[in-house]
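The listed protein sequences derive, respectively, from chains A and B. Residue numbers for the first sequence follow the numbering used here, so the first one is 1 and each next one is one higher. Residue numbers for the second sequence follow the numbering used here, so the first one is 360 and each next one is one higher.
Since the hints were made in silico from the structure, they are not lab data. One thing to keep in mind: the hints can contain errors.
So the derived label-pair ranges between C-beta atoms look like this [said to hold, decoys possible]:
| no. | chain 1 | residue 1 | chain 2 | residue 2 | range |
| --- | --- | --- | --- | --- | --- |
| 1 | B | 514 | A | 67 | 51 to 61 Å |
| 2 | B | 360 | A | 72 | 39 to 49 Å |
| 3 | A | 287 | B | 432 | 22 to 32 Å |
| 4 | A | 119 | B | 649 | 19 to 29 Å |
| 5 | A | 300 | B | 466 | 35 to 45 Å |
| 6 | A | 103 | B | 578 | 46 to 56 Å |
| 7 | B | 480 | A | 300 | 40 to 50 Å |
| 8 | A | 289 | B | 649 | 39 to 49 Å |
| 9 | B | 667 | A | 107 | 29 to 39 Å |
| 10 | A | 306 | B | 598 | 30 to 40 Å |
| 11 | A | 251 | B | 649 | 39 to 49 Å |
| 12 | B | 378 | A | 251 | 20 to 30 Å |
Here a beta-carbon is modelled for each residue, glycine too, at the ideal position from N, C-alpha and C.
Number of protein chains: 2
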Amino acid sequence: MFKIIKKSKKSKARLGKLKTKHGLIETPFFMPIATRGSVKALTTDDLTKLNSQIILGNTYHLYLKPGLSVIKKFKGLHKFVNWSKPILTDSGGFQVFSLNHNGMVKVKENGVTFKSVYDGSKHLFTPTRVIRMQETFNSDIMMVLDECVKNPCSKDTAASAVLKSVKWASKCKKVKKKNKQLLFCIVQGSLYKDLRIKCAQDLSKIGFDGYAIGGLAVGETVKDMLSVLDYTIPELPEDKPHYLMGVGYPKQIIEAVKRGVDMFDCVIPTREARHGRLYFGNLKNNSTININNAKFKNALSAINSKSNILELREYTKGYLRHLFSVKEPLALRLATLNNIEFYLNLMKEIRLAIKNNKL
Amino acid sequence: MFKIIKKSKKSKARLGKLKTKHGLIETPFFMPIATRGSVKALTTDDLTKLNSQIILGNTYHLYLKPGLSVIKKFKGLHKFVNWSKPILTDSGGFQVFSLNHNGMVKVKENGVTFKSVYDGSKHLFTPTRVIRMQETFNSDIMMVLDECVKNPCSKDTAASAVLKSVKWASKCKKVKKKNKQLLFCIVQGSLYKDLRIKCAQDLSKIGFDGYAIGGLAVGETVKDMLSVLDYTIPELPEDKPHYLMGVGYPKQIIEAVKRGVDMFDCVIPTREARHGRLYFGNLKNNSTININNAKFKNALSAINSKSNILELREYTKGYLRHLFSVKEPLALRLATLNNIEFYLNLMKEIRLAIKNNKL
Numbered sequence: 001m002f003k004i005i006k007k008s009k010k011s012k013a014r015l016g017k018l019k020t021k022h023g024l025i026e027t028p029f030f031m032p033i034a035t036r037g038s039v040k041a042l043t044t045d046d047l048t049k050l051n052s053q054i055i056l057g058n059t060y061h062l063y064l065k066p067g068l069s070v071i072k073k074f075k076g077l078h079k080f081v082n083w084s085k086p087i088l089t090d091s092g093g094f095q096v097f098s099l100n101h102n103g104m105v106k107v108k109e110n111g112v113t114f115k116s117v118y119d120g121s122k123h124l125f126t127p128t129r130v131i132r133m134q135e136t137f138n139s140d141i142m143m144v145l146d147e148c149v150k151n152p153c154s155k156d157t158a159a160s161a162v163l164k165s166v167k168w169a170s171k172c173k174k175v176k177k178k179n180k181q182l183l184f185c186i187v188q189g190s191l192y193k194d195l196r197i198k199c200a201q202d203l204s205k206i207g208f209d210g211y212a213i214g215g216l217a218v219g220e221t222v223k224d225m226l227s228v229l230d231y232t233i234p235e236l237p238e239d240k241p242h243y244l245m246g247v248g249y250p251k252q253i254i255e256a257v258k259r260g261v262d263m264f265d266c267v268i269p270t271r272e273a274r275h276g277r278l279y280f281g282n283l284k285n286n287s288t289i290n291i292n293n294a295k296f297k298n299a300l301s302a303i304n305s306k307s308n309i310l311e312l313r314e315y316t317k318g319y320l321r322h323l324f325s326v327k328e329p330l331a332l333r334l335a336t337l338n339n340i341e342f343y344l345n346l347m348k349e350i351r352l353a354i355k356n357n358k359l
Numbered sequence: 360m361f362k363i364i365k366k367s368k369k370s371k372a373r374l375g376k377l378k379t380k381h382g383l384i385e386t387p388f389f390m391p392i393a394t395r396g397s398v399k400a401l402t403t404d405d406l407t408k409l410n411s412q413i414i415l416g417n418t419y420h421l422y423l424k425p426g427l428s429v430i431k432k433f434k435g436l437h438k439f440v441n442w443s444k445p446i447l448t449d450s451g452g453f454q455v456f457s458l459n460h461n462g463m464v465k466v467k468e469n470g471v472t473f474k475s476v477y478d479g480s481k482h483l484f485t486p487t488r489v490i491r492m493q494e495t496f497n498s499d500i501m502m503v504l505d506e507c508v509k510n511p512c513s514k515d516t517a518a519s520a521v522l523k524s525v526k527w528a529s530k531c532k533k534v535k536k537k538n539k540q541l542l543f544c545i546v547q548g549s550l551y552k553d554l555r556i557k558c559a560q561d562l563s564k565i566g567f568d569g570y571a572i573g574g575l576a577v578g579e580t581v582k583d584m585l586s587v588l589d590y591t592i593p594e595l596p597e598d599k600p601h602y603l604m605g606v607g608y609p610k611q612i613i614e615a616v617k618r619g620v621d622m623f624d625c626v627i628p629t630r631e632a633r634h635g636r637l638y639f640g641n642l643k644n645n646s647t648i649n650i651n652n653a654k655f656k657n658a659l660s661a662i663n664s665k666s667n668i669l670e671l672r673e674y675t676k677g678y679l680r681h682l683f684s685v686k687e688p689l690a691l692r693l694a695t696l697n698n699i700e701f702y703l704n705l706m707k708e709i710r711l712a713i714k715n716n717k718l
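Bound-form chain A, shown alone (with noise of 0.2 Å):
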């Protein structure tokens, strides 16, 4: 399923090609989010034409809204949003537990219990239940029900939470029918080297499509974050896909690919887009400005005169202030566009970067 194709000489990074019911994927790759099937003001034909090789889908809230019937009746989460290309959804144990305001969430020994931020109502994730809802989805891959913590925690805590998702993750694969979806596990384990490894090493001995490592960008520090990467990947097995969960910044991103991470998802280029922050540059010379900074109020340059994308050549600067300033929906469109292109390109170049040994 997972093929290095080329190791870089300069440090752990590696180029590959991920193979998924949908399409192969070269690696590293970024996923533009989709939580409730929607890249935020983006249409999958918009996706294509930025050249997005996957995106990512939440459980948590397609399981909730539109609902696994729905679902059902579209046979998959591909026709029902359009899209024809690899998808990953994840288990939904990160929102559950991400949401928990007063005493929402409810963790027990076969599961996690919460309640719907829609409407209030019940509702029970277990591993087995988390994997028949994304066999509904169809996705390519897969992610086994984790408990997340939040960081800094306790060391009993943490340690309470490894045993709880290497628990699940193993009930997880064994309830997994036997299809071409990809099932990956999750690393956990706070910043406690000893726990995580011991985590990364059971879960490696159950055996799992691909490794994710879970629990960080989650208030620690970005040297905490790359000195788990550092103890824990090398506990995975090398020969599968290594993915980083909700990281991150482009520095973030080129830092986990040096040291052997192929797969990342974030908010950032979409959340930020909103607030009118755009980026711009390549692997080497990156940066971002606020659009709403009063200096682009005549600016008559192009949002990106070297976009592929026509609107962000055609339209200024200057009028996506104005969008923004009058709050016209048209200023979300642009600078989504604007910076998922950028962190797609990224990685364009990160790979490059890796066979040519630049990286």
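Given the structure of chain A, go ahead and fit chain B onto it with the hints provided.
Just chain B now, kept in the frame of chain A:
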């Protein structure tokens, strides 16, 4: 500037061509509304694909934001909004009066003072100023400043508004620079036949490039509105375009065309898109659906399988309903594309029907 190509044998409908600085427009036509320089959630590339011949910008809003100095830097609206076909700008009169909350607006002999909706700052619109603004915009069709009244209103109020509107219109014509921008006047007079006729005659004597009928679709019945058209249009020069402002539903547009109206603008297609009301069908047989209706939950059918727009053929009604239900911004884009396409197709069919003496 305006040439009638063909008069229907069935009604007073006319087929024509209106020449503007930025190109010829086939009449009768509909103008999508770009109040703040953007048709809600669409790019100008979308509008080109939808075969929009012209768009409408709003002087009041564009004067306040981004402001005249910015538009000046862009050498006019066309470059600012990235649209090379014709643009009509209204005078802002309607907005000044319709946004008259808490006595924010004061009508004087020479113009109207009002407070900005954005920051409460005080502004004065005079006939001369609105012409200068629209000259800065370099719009293809400029509108005179008029005083708008709500229906119903007393005859005294209506008469006073007519007097002022004619006086201001005359002033607008006088101060207009000699260039290729067209200047249209606006007939007022509420539902008073003698006032409407007097206003139409007075404006016709002054002489304009086109004649709008204002102060309709502001609270009166459709029957009353059509009745105003019945007695007003015969008083206007036949060889000039007739523009019914702010109208309307498909049936109203068809009835107005039969009475000799050549131009329309209306927020209906964009505003109703926002609420999930979609227009379908053709000149003879059209209807709307509310996509939020539960019956569309599992709808596998395309939003519009006959559309020229890829997204409308590819995305399903079930998915669009989901996007509305979770408030995804893509919902607005798809619904607006659908409704603008319906309105522009309707106008195309109307032109064909006139050509064939079917309307």
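Tested hints:
1. 514/B with 67/A: 51 to 61 Å: 59 Å, holds
2. 360/B with 72/A: 39 to 49 Å: Violated: the Cβ-Cβ distance is about 60 Å, outside 39 to 49 Å.
3. 287/A with 432/B: 22 to 32 Å: 25 Å, holds
4. 119/A with 649/B: 19 to 29 Å: About 21 Å separates the Cβ atoms of residue 119/A and residue 649/B, which means 19 to 29 Å holds.
5. 300/A with 466/B: 35 to 45 Å: 38 Å, holds
6. 103/A with 578/B: 46 to 56 Å: 52 Å, holds
7. 480/B with 300/A: 40 to 50 Å: 26 Å, violated
8. 289/A with 649/B: 39 to 49 Å: For residue 289/A and residue 649/B the Cβ distance comes to about 41 Å; the hint holds.
9. 667/B with 107/A: 29 to 39 Å: Since the Cβ atoms of residue 667/B and residue 107/A sit about 52 Å apart, the hinted range of 29 to 39 Å is violated.
10. 306/A with 598/B: 30 to 40 Å: 50 Å, violated
11. 251/A with 649/B: 39 to 49 Å: This hint holds: roughly 48 Å between Cβ atoms.
12. 378/B with 251/A: 20 to 30 Å: 56 Å, violated
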